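Chains L and Y supply the protein sequences, listed in that same order.
Residue 407 in the numbering used here is what sits at position 407 of the first sequence, and the numbering runs on without skipping anything.
Residue 4 in the numbering used here is what sits at position 4 of the second sequence, and the numbering runs on without skipping anything.
Heads up, some of the hints might be wrong.
[Unchecked claim] Calculated lysine-lysine pairs in the DSS-like style (CA-CA distance at most 30 Å, straight line):
id: 1; chain 1: L; residue 1: Lys176; chain 2: Y; residue 2: Lys188
id: 2; chain 1: L; residue 1: Lys334; chain 2: Y; residue 2: Lys188
id: 3; chain 1: L; residue 1: Lys150; chain 2: L; residue 2: Lys232
id: 4; chain 1: L; residue 1: Lys232; chain 2: Y; residue 2: Lys188
id: 5; chain 1: L; residue 1: Lys150; chain 2: Y; residue 2: Lys58
[Unchecked claim] Chain Y regions said to be covered by chain L (calculated; three or more residues, Cβ under 8 Å):
id: 6; stretch: 36-42
id: 7; stretch: 129-141
id: 8; stretch: 181-190
[Said to hold, decoys possible] Where chain Y lies over chain L, by a calculated footprint (3+ residues, C-beta under 8 Å):
id: 9; stretch: 15-23
id: 10; stretch: 52-60
It should be emphasised that the hints constitute simulated quantities derived from the structure, not laboratory data.
Since the model is a prediction, treat every value here as computed from it, not as a measurement.
A virtual CB, placed ideally from N, CA and C, is assigned to each residue, including glycine.
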Amino acid sequence: MTDRLPGFSTLAVHAGAQPDPTTGARVTPIYQTTSFVFNDADHAASLFGLQAFGNIYTRIGNPTTAVLEERMAALEGGTAALAVASGHAAQVVVLQQLLMPGDEFIAARKLYGGSINQFTHAFKSFGWNVAWADPDDIASFERAVTPRTKAIFIESIANPAGSITDIEAIAEVARKAGVPLIVDNTLATPYLTKPIDHGADIVVHSLTKFLGGHGNSLGGIIVDGGTFDWSKDNKYPMLSEPRPEYHGIRIQETFGNFAFAIACRVLGLRDLGPALSPFNAFMILTGIETLPLRMQKHCENAKAVAEFLAGHPAVAAVNYAGLASDKYNKLARKYAPKGAGAVFTFSLRGGYDAGVNLVSNLKLFSHLANVGDTRSLVIHPASTTHSQLDDAAKIRSGAAPDVVRLSIGIEDKEDLIADLEQALSA
Amino acid sequence: MNHDNYDDNYIRGILNSVKSIAMVGASPVNVRPSYFAFKYLAQRGYDMIPVNPGHVGKSLLGKPFVASLSEIGRPVDMIDIFRSSAHIMPVVDEALTLSPLPKVIWMQLGARDDAAAAKAEAAGLKVVMNRCPKIEYGRLSSEISWMGVNSRTLSSKRAPIPTQGMRLSLNRMSVGGAATTASDRAAKNKNQLM
Ligand SMILES: Cc1ncc(COP(=O)(O)O)c(C=O)c1O
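So here's chain Y without its partners, still in its complex pose (with noise of 0.2 Å):
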């Protein structure tokens, strides 16, 4: 797998599989970054578990906080990781632990560990990293071009019609479209430099 760049079927596909995602690092603080993308996917129907030791006894839209991935107590398929590349190794390793394993393990954009990668993809998990699943559904549905972002892709189809909550929009067929070469560059020399 090349994480410098996913191919959009890759993506697609993870997204339209996955129905659980738990949400490590997820904040009830409602302009949080977290909180953001944790309401967008629930609104599309994912079924959405925060996990945050710090907020145990609260809830985030309905949703009870879990303490860790293992006190969840049922399967999973994927582990959205919102916390910075530092944190990210003893999340997977505590991932690998569970049982069912998890499908996926996605890593939130500025987030990359390329040791926890290679550990996850070699029990057989998917790896996303340095991507955020609200801007890919969003970019892969061509809903971020209602605020005119560059979705990279093109498509002669006609989409599903929207209505909320719906998920089969991802299903459109669509080829790679412009490239954002400058800001990947820029974005990789942030990072060298960190």
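Next up, chain L with everything else stripped away, as it sits in the complex (with noise of 0.2 Å):
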């Protein structure tokens, strides 16, 4: 028997954060602080050699940003969490942690552009071979696998156009191959979706988006489940090894559940360096604590813009998993029934010139390549986030040249409205 448990909201405010024990005060300080002094040398010796739970150097922990982490860990229903300088970097620490040179993961194709990239290139250099998998087939990820996958990433809300992805099926298929399913669940944030819930081993985060939710502060957070056995084969020696940059600790054995998120901390952002800063982290838990509140307005502004432009003459078509009629509107009721979140595209029958006519137009939406502001957002992927990908790599995920994308805010509806419908007749 236990106490009953809390609801989301609840533990939006309150997970992780108690009153500081010295002075009382009742908002989480922002420890701006590179360093803390050891009670003696004993101590030190422990906490250097993790035989001790404490605090030694920001880049490897911190107080403020601890409190962030444990909030992402009990909204996501995680074990422990590790947050990081941004969600770029969030997903190197975890590949990190998987992959040795000349391994394979396999990624959905439909993602942020930038995670494309860093698939596509960087992680190359490190010898990290992506494969791609469309997400609206699920036997193209069965197909993927070979014996040198290590992996699985997909996005649960796929940016740019909002699609949403079978989160239980590529599961099943990451079960199958007895490899860790990864789910970048930016778009969703966990008031959404809670893909740990689904099967996912591990969540990340770019904390930059609805999260922190202000357009403030770059934060990443990498969310571990807890539900992967890392030592059944030796397929992921960073946690079943003994580990020599730790005098031969087994990372696992000693972690239990929460081995990968201690894996990241001492071999991944310790080594690596990511850190986030603490005011990012502090500015980042303010934003979490009006997480529901933002996301319902969200998505009900969403929703609202989503039926306007798809009754719009001057509009082709409109991607928002939240209309009935749209291809994923029955994955969105399993997945994100409260809403299926604020980023979703359309084009225009106008083609490429329309799309970049609307965006010099619009007089409330901000032009820029962000995504879960509170003010509302838009770009034109095409030429930006997704410039980098050639004609058939843009269409494949999302971001064909007539397609404009959105990032709705917290104003009015209406007024939101009003803008798109004055920037389409201009």
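Take each chain as given, in its own frame, and dock them per the hints.
Structure follows, in structure tokens:
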């Protein structure tokens, strides 16, 4: 028997945070310090040897950042989390624990353009080879599995088109292949979808988007589902083998169901270095307190805007999974019943030029390369976020040349619709 | 007692009341999990006794190894069993011959023997299975939160100021926090396979 379980909004406000023991400060203080004094030589040695829990140096951990980590672990239903400097940093740190040079991972084709670049180019120079699969064709994931496959990577709600991925079906492929499923849950946030409940083993986020929510701070996080057995074969030596950097400790044996988060911290973040600043952690924590309220408004506005666009004569098509007619609506009702998010695309009958005109005529929507802000945002992916892809790859990832992407904010929806209306008829 | 899901107050009560802990299967090798737990609990002020017949003559952090529970020669409050499930019963049988009886039998993370637990409970002992006292101490004192771990507790109370070896910080009141349902399910499935 345990106490009753708190709800999502309670966790969003409270998880990880308590009054400061020294001062009584109720809001989590910003521990803007690089380092922390040791009690004595043995305490220092215990901390460096991973024998004690505690703070050493802000590249490895920080008390403000730790509150953010515990809160995100709680919201995702994971065992632990590690915050890093950006969503991209989270992806590097995760895969560094799983892949050796020459290994492979399978990734969904429908991803944030920056992730497609990172996987295709940057990771290639590490010897990590990506195999692409189509999230609308589950068998394409099965076909991509080889003996060197170490992980599968998908987005829950995929950037840019807001399409919904069948997490459970792909989790089943991962389970059969004996590899972890990594889900980038940035566009859904745990308020809309909790991937670990659907079979994901690891969740990553760009905290830069809806979680921070106000467009003011970069950040990323890795949440350990605590579900994967890293020691059942020799596939994941970072977790199962004695680690020379810690005198022969085996990470999973020592840390049990939060071993992956610890590996990311003490082998990944410690050595690669992309630490989150405590100030950013504070800003993002403050954002998360209102996540449920903001997501409700984001989704409500997005649906209203999508419905308006779907009925407009200048619009050729709207891709928003929250519309009953959308091809992803069935998956949306399963994985994101509270709302299909607030990032989606549409195409204009006037093609590329009409898209460029629309962007320049909007007066409230900001033309910039971000999503998940309180403000409504607009971008033309083909010439920006997805510009490095060739035309075929652009179309495959949902960023065809005539497509415009919106990220709907929390303004009054009537004002957003009026702005689009004037820009479409200008 | 529901051994699948302990109330935080049950665990807190045990960790707050026991003073001496005999660790069966303690290892002198400083990268083994039992060494970590032994050192951590010793630093929190518990009177730790290493029990391991293979290491008699050596000591662990200044505490001499004893070969078996009956050779401790003084009362102990808790027996922390760092052995796999198959080796639990003989240790519990031996613990139940001690006089006075220990108050608590604790089986480490991954170890569970329901028959041994029932026997100990019938003799009036408290039992914890498949948990690590280091992790539980760290969780309930929120120390483990510094590592970004989901402590599964929430509290609006100010904790006592932590100092080394301090045990009072376990007294902060809390309510249950976020569940780790998927991980618990995975652990259960794994145990059933074994
Ligand atoms: C779905 C998704 N994942 C990852 C990232 C990368 O995050 P960051 O910019 O914080 O590195 C982004 C950024 O746009 C994103 O939209």
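Practice problem: Count residues of the stretch 129-141 of chain Y with a Cβ under 8 Å from any Cβ of chain L, then say if the count reaches three. | Solution: Contact hint for the stretch 129-141 of chain Y vs chain L: holds, 3 residues under 8 Å.
Quiz item: Within the stretch 52-60 of chain L, is the number of residues with a Cβ closer than 8 Å to a Cβ of chain Y three or more?
Solution: holds (count 4)
Self-check item: Agreement of lysine 334(L) and lysine 188(Y) with the hint, judged by alpha carbon distance not exceeding 30 Å
Solution: Status holds; Cα separation ~26 Å.
Self-check item: chain L over the stretch 36-42 of chain Y, status - at least 3 residues with CB closer than 8 Å
Solution: holds (count 3)
Quiz item: Given as covered by chain L, does the stretch 181-190 of chain Y meet the bar of three residues or more with CB within less than 8 Å?
Solution: holds (count 7)
Quiz item: Within 30 Å, alpha carbon to alpha carbon, are lysine 150(L) and lysine 58(Y)?
Solution: Violated, at about 43 Å.
Quiz item: Keeping to a limit of 30 Å between CA atoms, is the pair of lysine 232(L) and lysine 188(Y) held or broken?
Solution: Judged against 30 Å, a Cα distance of about 15 Å means the pair holds.
Exercise. Count the residues of the stretch 15-23 of chain L whose CB lies closer than 8 Å to any CB of chain Y, then report whether that count reaches three.
Key: Coverage by chain Y holds for the stretch 15-23 of chain L (7 residues, Cβ < 8 Å).
Exercise. For the pair we were handed, lysine 150(L) and lysine 232(L), check the Cα-Cα distance against 30 Å.
Key: Given pair lysine 150(L), lysine 232(L) holds - Cα atoms ~14 Å apart, limit 30 Å.
Quiz item: Given the proposed pairing of lysine 176(L) with lysine 188(Y), does the C-alpha separation stay at or below 30 Å?
Solution: The hint holds at about 19 Å.
Of the numbered hints stated above, the single one contradicted by the structure is hint 5.
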